[in-house]
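Visitor: Letter by letter, the chains look like this.
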Amino acid sequence: MTQTRKTYIRPLDLKTGQIDMAHGSGGRAMAQLIEELFAKHLGNEYLAQGDDGALLPHPGEGRLVMATDSHVVSPLFFPGGDIGCLSVHGTINDVAVMGAEPLYLSAGFIIEEGFKFVDLARIVQSMAEAAKAAGVPVVTGDTKVVERGKGDGVFITTTGVGVVRPGNELSGRNAQPGDVILVSGTLGDHGMAIMAERESLGFESPIMSDSAALHGLIAAMRASGAAIRVLRDPTRGGLATTLNEIAKQSGVGMMLQEKALPVKPAVEAACEFLGLDPLYVANEGKLVAICAEADAESLLAAMQAHPLGGDAAIIGSVHADDHHFVQMTTAFGGRRIVDWLSGEQLPRIC
Amino acid sequence: MKYIDEYRDGEVAQTIAAAIRAEADPARSYHFMEFCGGHTHAISRYGVADLLPANVKMIHGPGCPVCVLPIGRVDQAIRLALEQGVTLCTYGDCLRVPASNGLSLMKAKARGGDIRMVYSSADAVALAQKNPDKQVVFFAIGFETTTPPTAVAIKQAAALGLKNFSVLCCHVLTPSAISSILESPEVRQWGTVPLDGFIGPAHVSTIIGSRPYEFFAEEYRKPVVIAGFEPLDVMQAIKMLIRQVNEGRAEVENEFARAVSREGNLKAQELVAEVFEMRKTFEWRGLRVLPYSALRIRGTFAEFDAEKRFPLGYASVPDHKACECGAILRGVKRPQDCKIFGTVCTPENPVGSCMVSSEGACAAHYTYGRYKDVA
Numbered sequence: 001m002t003q004t005r006k007t008y009i010r011p012l013d014l015k016t017g018q019i020d021m022a023h024g025s026g027g028r029a030m031a032q033l034i035e036e037l038f039a040k041h042l043g044n045e046y047l048a049q050g051d052d053g054a055l056l057p058h059p060g061e062g063r064l065v066m067a068t069d070s071h072v073v074s075p076l077f078f079p080g081g082d083i084g085c086l087s088v089h090g091t092i093n094d095v096a097v098m099g100a101e102p103l104y105l106s107a108g109f110i111i112e113e114g115f116k117f118v119d120l121a122r123i124v125q126s127m128a129e130a131a132k133a134a135g136v137p138v139v140t141g142d143t144k145v146v147e148r149g150k151g152d153g154v155f156i157t158t159t160g161v162g163v164v165r166p167g168n169e170l171s172g173r174n175a176q177p178g179d180v181i182l183v184s185g186t187l188g189d190h191g192m193a194i195m196a197e198r199e200s201l202g203f204e205s206p207i208m209s210d211s212a213a214l215h216g217l218i219a220a221m222r223a224s225g226a227a228i229r230v231l232r233d234p235t236r237g238g239l240a241t242t243l244n245e246i247a248k249q250s251g252v253g254m255m256l257q258e259k260a261l262p263v264k265p266a267v268e269a270a271c272e273f274l275g276l277d278p279l280y281v282a283n284e285g286k287l288v289a290i291c292a293e294a295d296a297e298s299l300l301a302a303m304q305a306h307p308l309g310g311d312a313a314i315i316g317s318v319h320a321d322d323h324h325f326v327q328m329t330t331a332f333g334g335r336r337i338v339d340w341l342s343g344e345q346l347p348r349i350c
Numbered sequence: 351m352k353y354i355d356e357y358r359d360g361e362v363a364q365t366i367a368a369a370i371r372a373e374a375d376p377a378r379s380y381h382f383m384e385f386c387g388g389h390t391h392a393i394s395r396y397g398v399a400d401l402l403p404a405n406v407k408m409i410h411g412p413g414c415p416v417c418v419l420p421i422g423r424v425d426q427a428i429r430l431a432l433e434q435g436v437t438l439c440t441y442g443d444c445l446r447v448p449a450s451n452g453l454s455l456m457k458a459k460a461r462g463g464d465i466r467m468v469y470s471s472a473d474a475v476a477l478a479q480k481n482p483d484k485q486v487v488f489f490a491i492g493f494e495t496t497t498p499p500t501a502v503a504i505k506q507a508a509a510l511g512l513k514n515f516s517v518l519c520c521h522v523l524t525p526s527a528i529s530s531i532l533e534s535p536e537v538r539q540w541g542t543v544p545l546d547g548f549i550g551p552a553h554v555s556t557i558i559g560s561r562p563y564e565f566f567a568e569e570y571r572k573p574v575v576i577a578g579f580e581p582l583d584v585m586q587a588i589k590m591l592i593r594q595v596n597e598g599r600a601e602v603e604n605e606f607a608r609a610v611s612r613e614g615n616l617k618a619q620e621l622v623a624e625v626f627e628m629r630k631t632f633e634w635r636g637l638r639v640l641p642y643s644a645l646r647i648r649g650t651f652a653e654f655d656a657e658k659r660f661p662l663g664y665a666s667v668p669d670h671k672a673c674e675c676g677a678i679l680r681g682v683k684r685p686q687d688c689k690i691f692g693t694v695c696t697p698e699n700p701v702g703s704c705m706v707s708s709e710g711a712c713a714a715h716y717t718y719g720r721y722k723d724v725a
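Line by line, the protein sequences give chains P and R.
Take the first sequence: its position 133, counted from the start at 1, is 133 in my numbering, and no numbers get skipped.
Every number in my numbering is 350 more than the matching position in the second sequence, counting from 1.
Keep in mind the hints are simulated off the structure, nothing from the lab.
Cβ atoms here follow ideal geometry from the backbone N, Cα and C, with glycine treated the same way.
Errors might be hidden in some of the hints.
Unchecked claim - Reference excerpt, derived from the structure (chain P facing chain R, CB under 8 Å, subset only): (1) HIS215; (2) ALA331; (3) GLY333; (4) GLY334.
One chain only, chain R, in its complex shape (with noise of 0.2 Å):
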């Protein structure tokens, strides 16, 4: 645990509280949106929040890929288990998303869906090779993060000739979600979300660099500060963030230059490019359609697209009435302020997508702070 330990330093967090606190202007308030998941866990987890003065506070945003899945997609998922009777390749945390018709990959597969857990889309490759009498698709969701490892299964499929291995591709972009937040009438005509600036991811950061939140940083007069997933990244990222704001400065600035660079990981970018392309208009949960937002799979590569290879159409479905998700996700409102959270929705039965992974706010807040409700 080396290497880990050192940013969880409870000691250390005291220091950079102190200097929080010296940093932070009594006579106003500091709203800094986290954008990624891994962010939101970490601050959960360790009781960041519990570390900072009043006047800064936290807004979860949405970098969580499982919340940002529309149902349509899962719904897609299902069926091809269901319908098309493929054995279907996810990441854990898809299985419990609420889908259409009370299901979820979880429920399909005691319906009898070959529905499997998967590590990497390596395993989903391996599967394939194995079953050759079976359609073997891998669903894959997430940021720039688990792109590049899905353009290597579908490179490896095409190099072995695989004929029975193809990709749910639903990718997202994290610029064009940081985007949407910033041009949403909530922050820019209301002003109901005051937003000072952002935490910029960490692991999506790897692959891109810095360098793309510059637009933000210099366009929306927001400052954004790269940090890692472990809580003494965050509270560092946060101190950043304070500076930034009293000496009216907007700029990108990178606490994890231990793994980020400006340029990012230029080979990973090129392999997603080689496979996949942008799509015009793509539907993110809570956050509505937003134009070339993710990506799909080229035509060089079109066997191995799940959508060419089965006849998926795609329906999008409205979240349940009373759920909250969207606003939560764009940071205009509390886990606690939704009516159902809690009570309707819990993590045992969500009914929103937030509540579903343990990144997503509704379920930070519920595992890790729901005593803060009641005190």
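Chain P extracted, bound-state conformation (with noise of 0.2 Å):
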């Protein structure tokens, strides 16, 4: 914007202002917004071309990866992150699982009248700082309103680009018998931060959300040189639904070990509080891993060096099963499967 126009502008009002229709019309208000707002957080060479699309280098050699993630989490704000750095985190994540290494992020907003500035501008801040601390920038975006009570304060959709060099390529479909299952930490945090929040639960010490970018460790994960077959990240649903889908794409069975599982006592209690497991409920900032049974102490020992893998574990194995199940030795003894999630996890009543 030109130094003249400047003048004539009233900057935003960050503390007390609130989004009107006319910051998502395409007009003055919605130009001041963006560069108020999201280039002054989020600003980079390829958003500053100001085009209606980003002009990217070339990635190099080998093929790319996209994906897209919606966000619509309720309460925007919670322990450990906010819409902002989660709607960051899934997407590079869904990216990284399919080992790529995430270059490019696109962002959506859709707002609801009357949201506050103040709301949004945390969310940006936070959306900045995750993205800046990732090394994977935000490099287009839009902006649209929705009426009061059309929306719920603000929905964020990311599309991420990566590129996968040649061999490193992932798939959900080359889990094979005899193989290993790891997990890089605790299950559950996200969810549980997420529910206590919601269900208004006064923790002593409040249960963070996990939300994480785990290319990073994924990196360090490869660079063991441990065969890594299959990667994917445990988030709606939790861990036993990503099981249960590796295994159905694969054609395999998995047997876990309950014992092994880590969970953190505070989230194990709330879950038994509203009588949720911890198997089903989302994570943001963890994977599960499977490799060769013979890479399994090499990979594990990569995991935890890295500081988003401190807790990781080998939970469990693969094997042949025409019928996929994913079951588990209990820690009681028993067996039992550990099932796609069905509906949503709704809370026994007595």
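Got two chains here, each in a separate frame; can you build the complex from them with the hints?
Guide: Put into structure tokens, the structure is as follows:
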């Protein structure tokens, strides 16, 4: 924006102002919102091009990976994160578990009329910090405003593009009988952080979301030289649902060891309280890895040496099974199926 | 998790399992019914059945509050939301119970009904306070455990003078359900359901105490062991039942002494008696109409009775023809004996009520144990 125009425009009232319909109109108000809020925090050379799309350099050898994710979390702010950093981490992780190096993000905002600038600024700032820390810039974006009551504060859709170098491709179809299953850390932290906040459960020490970008951890795992066959981030539906997806895709069965599953005591207690099972609760900064048995220990060591893999553990193994059941040896000594999530996880009443 | 982990200890489980094997007479078989859905869930989730010898069999009973809720009652709740425009509050498990016309409370919500999931009856009262221009109805279901909180909610609403809060009362009574099973021809005349004893309710018994079961033990000569909902509680209760059978005793024993007394929670009982009275009859899903088996709101609190406030006729609705929930709830059949189990009727599309709640016999078997059917 030119110096001349700047003097003629009153800056956005970021303290008490609110979004109104004009901010999505495509006119001056929207241009101002983009400049004073989005570009200010997220700014980079591609976003600064100011065109309808971003013109990006060729990523070099390899195949492109693209993933998209819409974020509608409620509440928007929760212990350990907010919708802003979540929308960056979630999409980076979807790209990274494909074996790709995440390069760029796009961000689409659907904002409800009346949403406070102060909250929007907090969210955009959090996005910017997450993108910067991950080294993955937001290169293009979109803003829409819907009437009051037609949205829930703000929804954010991010799309990520990455490049997978030759030989690094991963897929949920690659698990083989004899393989070993690992997780990178404690289960259910994100989901329970949200649930505790949503239901106003006053725990003495709040459960923190694990929202984090995993491509750094994945690079460290790669560097160990282990033959990684499958990576996936167990988000909605939790570990149980993710493993069932992989078992189905690969046409195998799995056997977990309940005793080996890492779960924080506070998460376990909160789950107990609400009648939930941490196996089905969402994670936003954890991954499941499946590798050849011979490489399991070295992969585990590489994961544990990384800040995001301190609680990594070997939790089970893959075997041949035409029914593709994921089963578990319970800590109690029995055996049971770990099924797909059915419906929503509803608390039991007695 | 202290005081809970102790009751899930795998090593202790092995010790009790060994004791059960030693106690059980290989020359005979033992069939015990765990009445409560909470026990069914613990048995399935922890794999308790795998630790039992082959001649000790568990039969899942009807003690899952969602499973025994008749279609007609869910229909009433749906009508309240869709036709009367009330805000209907309910416990989460009720949302997916299949009702008439392919509906459920969840589907009614999608059609525009204002249906809210609450964690306690107090949440419903709070909602009524906050929205004085909306009629708020609490869909109260469950056995004796959930009845006192409903009584508290009604008394609270009365104290606050709320004119927009009422309760659709579907609370049922455990002893009536046990009588119905023991009186059923399958058990009494035909002997098609061999029943050597009961694992008695955990949470229900904290309210009503162990005394109400003394009648069953004596009248029907069936041992009852009241047990907690943790897997070790269940194992210990099974051991105690085997011992009673072996010694020819039929008594009420209390494994759950850490929470259950003979008299129960007298304060809660008084509260329930103040607010509720017996219904002459009540329809149970799967067990048909049982006399004196449920509660309704007393005349003194009539203004909080949704059945009196709104025009709600009750119409009994038969189950799906192929559905075996009735027989499964009485222990006559197992989930895998039902033709539509796992094919037409799944947790995603439950036909019968036993498939709805994770405490239901069919859902528990489908979710945790169906690998046994294909082995």
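Visitor: Now look at each hint and say whether the structure bears it out.
Guide: Hint by hint, here is what the structure shows:
1. Here the hint on P:HIS215 is broken, as its CB sits about 34 Å from the closest CB of chain R, past 8 Å.
2. Satisfaction of the interface hint for P:ALA331 is found here, the shortest Cβ-Cβ separation to chain R being roughly 5 Å, below the 8 Å cut-off.
3. The closest approach between the C-beta of P:GLY333 and any C-beta of chain R is roughly 5 Å, which is under the 8 Å cut-off, so the hint is satisfied.
4. Because the closest C-beta pair between P:GLY334 and chain R is about 2 Å apart, less than 8 Å, the hint holds.
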